[in-house]
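**Q** If you read the sequences in order, they're chains A and B. Take the first sequence: its position 146, counting from 1, is numbered 146 in my numbering, and each next residue is one higher. Take the second sequence: its position 198, counting from 1, is numbered 198 in my numbering, and each next residue is one higher.
These are calculated hints, taken from the structure and not from any lab test. Glycine is no exception: its CB is placed at the ideal position from the N, C-alpha and C atoms. Treat each hint with caution, since some may be false.
Computed cross-link-like contacts, DMTMM-like style, restricted to lysine to aspartate or glutamate with a CA-CA straight-line distance of at most 25 angstroms [stated by the list, open to error]:
1) K241(B) to E331(A)
2) K141(B) to D112(B)
3) K43(B) to D237(A)
4) K320(B) to E114(A)
5) K33(B) to D13(B)
6) K116(A) to D112(B)
7) K43(B) to E324(A)
8) K241(B) to E525(B)
9) K369(B) to D74(A)
10) K241(B) to E114(A)
11) K111(A) to D476(B)
12) K116(A) to D499(B)
13) K43(B) to D319(A)
14) K338(A) to D223(B)
15) K113(A) to D499(B)
16) K323(B) to D319(A)
17) K5(B) to E114(A)
Pair ranges (Cβ atoms, derived) [unchecked claim]:
18) E122(A) to D499(B): 29 to 35 angstroms
19) S311(A) to K247(B): 28 to 34 angstroms
20) N16(B) to S311(A): 40 to 46 angstroms
21) S55(A) to D263(B): 46 to 52 angstroms
22) H314(A) to R32(B): 35 to 41 angstroms
23) D62(B) to E122(A): 43 to 49 angstroms
24) N16(B) to V98(A): 35 to 41 angstroms
25) I18(A) to R134(B): 17 to 23 angstroms
26) S55(A) to K428(B): 52 to 58 angstroms
Chain B stretches covered by chain A per the calculated footprint, using a threshold of three residues with CB under 8 angstroms from any CB of chain A [said to hold, decoys possible]:
27) 169-176
28) 241-247
29) 269-276
30) 317-326
31) 340-346
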Amino acid sequence: MNRNYMFAFIAVLVLFLISWVGVSIGLQWIFGVIIPYLAVALFVIGFVRKVLGWSHSAVPFAIPTTGGQAKSFDWIQDSKLDNPSSKLGVFMRLALEVLTFRSLFRNTRMKLKEGKLFYQLEIFLWVGALAFHYAFLTVLLRHTRFFLEPVPLCIQLLETIDSFFRIEIIYPQFQFGLPAVYLSGFVLLAAVLYLAVRRIVIPSVRYISLASDFFPLILIFGIAFSGIMMRYVTKIDINAAKQLTLGLVTFHPTVPEGIGAIFYIHLFFVCTLLAYFPYSKLMHLGGIFLSPTRNMLGNTRAYRHVNPWNSPVHVHTYDEYEEEFREKMVEAGLPVDKPLEATAEQAAEKE
Amino acid sequence: MAEAKPKPQDVLDQLNYQPPRCDWMDTPVEIRKGMYCYASNPKSVATLGLPNARPWNPLEDDWKLPENWQQIIHEGFKERLERFRSFKVFMDICVRCGACADKCHYFIGTGDPKNMPVLRAELLRSVYRNDFSRMGKILGKLNGARPMTLNVLKEWWYYLFQCSECRRCSLFCPYGIDTAEITIMGRELLNLLGLNIDWIATPVSNCYMNGNHLGIQPHAFKDMLDFFVDDIEEKTGVRVKPKFMKKGADILFITPSGDVFADPGTYTAMGYLMLFHYLEEKYGLDVTWSTYASEGGNFGFFTSHETMKRLNSKMYAEAKRLKVKWILGGECGHMWRVINQYMDTMNGPADFLDVPVNPITGTRFEQAKSNKMVHITEFTADLIRNGKLDLDQSRNDYLKVTYHDSCNPSRGMGLFDEPRYVIQNVCKHFYEMPPNTIREQTFCCGSGSGLNAGENMELRLAGGLPRGNAVKHVQDSYGVNMLATICAIDRAVLPTLVDYWAPGVQVTGVHELVANALNLPGQNERSTNLRGEELEELKAQAEGNTDE
Numbered sequence: 001m002n003r004n005y006m007f008a009f010i011a012v013l014v015l016f017l018i019s020w021v022g023v024s025i026g027l028q029w030i031f032g033v034i035i036p037y038l039a040v041a042l043f044v045i046g047f048v049r050k051v052l053g054w055s056h057s058a059v060p061f062a063i064p065t066t067g068g069q070a071k072s073f074d075w076i077q078d079s080k081l082d083n084p085s086s087k088l089g090v091f092m093r094l095a096l097e098v099l100t101f102r103s104l105f106r107n108t109r110m111k112l113k114e115g116k117l118f119y120q121l122e123i124f125l126w127v128g129a130l131a132f133h134y135a136f137l138t139v140l141l142r143h144t145r146f147f148l149e150p151v152p153l154c155i156q157l158l159e160t161i162d163s164f165f166r167i168e169i170i171y172p173q174f175q176f177g178l179p180a181v182y183l184s185g186f187v188l189l190a191a192v193l194y195l196a197v198r199r200i201v202i203p204s205v206r207y208i209s210l211a212s213d214f215f216p217l218i219l220i221f222g223i224a225f226s227g228i229m230m231r232y233v234t235k236i237d238i239n240a241a242k243q244l245t246l247g248l249v250t251f252h253p254t255v256p257e258g259i260g261a262i263f264y265i266h267l268f269f270v271c272t273l274l275a276y277f278p279y280s281k282l283m284h285l286g287g288i289f290l291s292p293t294r295n296m297l298g299n300t301r302a303y304r305h306v307n308p309w310n311s312p313v314h315v316h317t318y319d320e321y322e323e324e325f326r327e328k329m330v331e332a333g334l335p336v337d338k339p340l341e342a343t344a345e346q347a348a349e350k351e
Numbered sequence: 001m002a003e004a005k006p007k008p009q010d011v012l013d014q015l016n017y018q019p020p021r022c023d024w025m026d027t028p029v030e031i032r033k034g035m036y037c038y039a040s041n042p043k044s045v046a047t048l049g050l051p052n053a054r055p056w057n058p059l060e061d062d063w064k065l066p067e068n069w070q071q072i073i074h075e076g077f078k079e080r081l082e083r084f085r086s087f088k089v090f091m092d093i094c095v096r097c098g099a100c101a102d103k104c105h106y107f108i109g110t111g112d113p114k115n116m117p118v119l120r121a122e123l124l125r126s127v128y129r130n131d132f133s134r135m136g137k138i139l140g141k142l143n144g145a146r147p148m149t150l151n152v153l154k155e156w157w158y159y160l161f162q163c164s165e166c167r168r169c170s171l172f173c174p175y176g177i178d179t180a181e182i183t184i185m186g187r188e189l190l191n192l193l194g195l196n197i198d199w200i201a202t203p204v205s206n207c208y209m210n211g212n213h214l215g216i217q218p219h220a221f222k223d224m225l226d227f228f229v230d231d232i233e234e235k236t237g238v239r240v241k242p243k244f245m246k247k248g249a250d251i252l253f254i255t256p257s258g259d260v261f262a263d264p265g266t267y268t269a270m271g272y273l274m275l276f277h278y279l280e281e282k283y284g285l286d287v288t289w290s291t292y293a294s295e296g297g298n299f300g301f302f303t304s305h306e307t308m309k310r311l312n313s314k315m316y317a318e319a320k321r322l323k324v325k326w327i328l329g330g331e332c333g334h335m336w337r338v339i340n341q342y343m344d345t346m347n348g349p350a351d352f353l354d355v356p357v358n359p360i361t362g363t364r365f366e367q368a369k370s371n372k373m374v375h376i377t378e379f380t381a382d383l384i385r386n387g388k389l390d391l392d393q394s395r396n397d398y399l400k401v402t403y404h405d406s407c408n409p410s411r412g413m414g415l416f417d418e419p420r421y422v423i424q425n426v427c428k429h430f431y432e433m434p435p436n437t438i439r440e441q442t443f444c445c446g447s448g449s450g451l452n453a454g455e456n457m458e459l460r461l462a463g464g465l466p467r468g469n470a471v472k473h474v475q476d477s478y479g480v481n482m483l484a485t486i487c488a489i490d491r492a493v494l495p496t497l498v499d500y501w502a503p504g505v506q507v508t509g510v511h512e513l514v515a516n517a518l519n520l521p522g523q524n525e526r527s528t529n530l531r532g533e534e535l536e537e538l539k540a541q542a543e544g545n546t547d548e
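In isolation and in its complexed conformation, chain A is listed as follows (with noise of 0.2 angstroms):
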């Protein structure tokens, strides 16, 4: 058994056992309108601390991780995006890395048999990351619906778009499929599922993970999980859900009745998530811009880098060099400044 994994586990059990228990006992405008607003600022000026914080730092060299061949003789192909020499290779080089992992998608596996390395072509955790994400923003992009009215044609359109794929089980029984299914919902469970269980199945990455690596993934596997309930089985008063998230918006916060306890447990998930966010390493999504290695330019020869704080050193001077080394100098033929004739009167002199 492992510590970190439960322990991740158990945290997010216990904020269900406190929504639920919390909404029981009727405190809907504590989990509806206080903790949201409290998740918010907490999420935006943690945000914007830790940015600016970095963006203090200082950048003393240009160390740009040069993946491709330098821009050197016109004979000779360089690699525009994998060592830039143009600010738009730079750009370029960073809007394929934050949309499409292109540094991740290289990955292989390595493997030992019989006394030979192969390395395959390792595209899973790729696979799984782009899921992950992309499933993500569909259904960040989705909820937008209940902060805006009317509700802006492009939010609708990739409505329809993510719900192309159609089941609908119709029995009196059990009915499934109305509304109609989102599909990013369901491939953010997945993957999120396939990242967790990844952690623990493969031994190395187990090894390197800490709880701190499962919170967020089990966090996220509880708001996709109570979002998918609400929508699919354990139906929630959805106009009543959209008049309290406009009222958050608009700041006439209201809480209407009768919405549902699972409402307000995905919401408090949500807060959550929303408040570790900037204390935590979630933060890649706003490091990755700074990132030294993949933001700068790879022409470092040609122009020069200034360094704010180039620290003053101590040097050993070429004149004291040669005060060390001059008579050994003269005899082996090698030229010196000051001959050492020259020299040897001004000791003369000094006595």
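Fit chain B to the supplied structure of chain A, relying on the hints for placement.
**A** Just chain B now, kept in the frame of chain A:
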């Protein structure tokens, strides 16, 4: 003094990538013979004026640290977080996805989980979380935080000197987290407590005082080059005339001192001498060497940013004093990361030098227009491209060459095609190693970043496994018998490594190959190569091999 080496097959059989059951924080560090380098000599530390110079031994319990060492580390850490955005961001954003885990040659070769780049960084991150994050402080171990203790310090020391700063992991990281950067910071912090290794500290002090890592004094440096002059004359019938510290020369040439000192680097040094002689005779090019700036490499880079700057300053200072037009640099690995990404920033602007132009071809080296320093393979590639060299490739026909990309010119510069162009123009038979082991994905020799000592041979051979394996592959597949490289540390360490993992393959610098093909005006019949081996015999041997 080499330790007894285990058999390669035994090493392979014992490799185990299963991490231990218990948590990594609960696995204490065991400093093992063969894996670590000896402690810094206090004299060297004192020469540089670095802190806490005293004799100490990593195997002893007492490391003779200053009383407030925890405070020194804490404050040093804090200062570096403010001075380096890279450090701060890399401390915060790792998600421990594990993509880097099996990209490190030391992990592949040792199976030690703390050699996974992510965990090497976590060694520092765990202290960062404890000291600089509220969440870490509150949640402690659950959030991967731990206080700085003597055991943690020893773990840092042990594993930060098992990283060669090769940046291979950084290529695969989705956020570009660069373990080299983390190791550089970690070693800086260790140096605040006087915890360097001697294989770095003494070369640095030598370089500071005498101009090169080996501590060769000016007259001895000249002697060594004169010895090459005799050797070249013996083999080619031509007497070359190197110039030293000639004021007003066109070009100042700087190369790692390792190449004037030990085989097979010496043949590369002879190669430079022959090339410059040819260019002088044919085109009147005026190249000078310097004994003051007689080191291309920079072990200061493995000590601290300041130490790197102190050693590097000699290049521009000497170029300025000698009033040359620009600087040409020899084949070296980390030297070129320093020149490419640090020199101009640290010691520039080099406005007293010209934008490098090859006076023979007229080519303007736009890529070096600010820092004014050109790589010798760029220079030679340009000469070959413009048909300025008289080359007889056939003297290299007995060779089947493969090329090892050195880490730093690869992932810290992007120099891939120039050396290949040069090799393919002076050698007929050229074979690439598998794609996952070359170019930007190249594997370290296992001895970079100051780890090329004798006492850590087990670590070096283990770290060299991926490279050795790839060499073995092309040896078995194509009969490759020569491994070319553009790094002096490679030339110093790869012979031992290939002897171990792929016996029968030799190691060469690119300019040894160039010199063997280069026809000098007034030369003899050139019946031997620079190593004094009879070409006829080598050819017969090579043909015999292919017949089999």
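**Q** Hint by hint, say whether it matches the structure.
**A** Against the structure, the hints come out as follows:
no. : hint                                   : verdict
1   : K241(B) to E331(A)                     : holds (18 angstroms)
2   : K141(B) to D112(B)                     : holds (22 angstroms)
3   : K43(B) to D237(A)                      : violated (79 angstroms)
4   : K320(B) to E114(A)                     : violated (56 angstroms)
5   : K33(B) to D13(B)                       : holds (20 angstroms)
6   : K116(A) to D112(B)                     : holds (19 angstroms)
7   : K43(B) to E324(A)                      : holds (18 angstroms)
8   : K241(B) to E525(B)                     : holds (21 angstroms)
9   : K369(B) to D74(A)                      : holds (15 angstroms)
10  : K241(B) to E114(A)                     : violated (53 angstroms)
11  : K111(A) to D476(B)                     : holds (19 angstroms)
12  : K116(A) to D499(B)                     : holds (17 angstroms)
13  : K43(B) to D319(A)                      : holds (23 angstroms)
14  : K338(A) to D223(B)                     : holds (22 angstroms)
15  : K113(A) to D499(B)                     : holds (21 angstroms)
16  : K323(B) to D319(A)                     : holds (16 angstroms)
17  : K5(B) to E114(A)                       : holds (21 angstroms)
18  : E122(A) to D499(B): 29 to 35 angstroms : holds (32 angstroms)
19  : S311(A) to K247(B): 28 to 34 angstroms : holds (31 angstroms)
20  : N16(B) to S311(A): 40 to 46 angstroms  : holds (44 angstroms)
21  : S55(A) to D263(B): 46 to 52 angstroms  : holds (51 angstroms)
22  : H314(A) to R32(B): 35 to 41 angstroms  : holds (37 angstroms)
23  : D62(B) to E122(A): 43 to 49 angstroms  : holds (45 angstroms)
24  : N16(B) to V98(A): 35 to 41 angstroms   : holds (37 angstroms)
25  : I18(A) to R134(B): 17 to 23 angstroms  : holds (21 angstroms)
26  : S55(A) to K428(B): 52 to 58 angstroms  : holds (54 angstroms)
27  : 169-176                                : holds (count 7)
28  : 241-247                                : holds (count 4)
29  : 269-276                                : violated (count 0)
30  : 317-326                                : holds (count 3)
31  : 340-346                                : holds (count 6)
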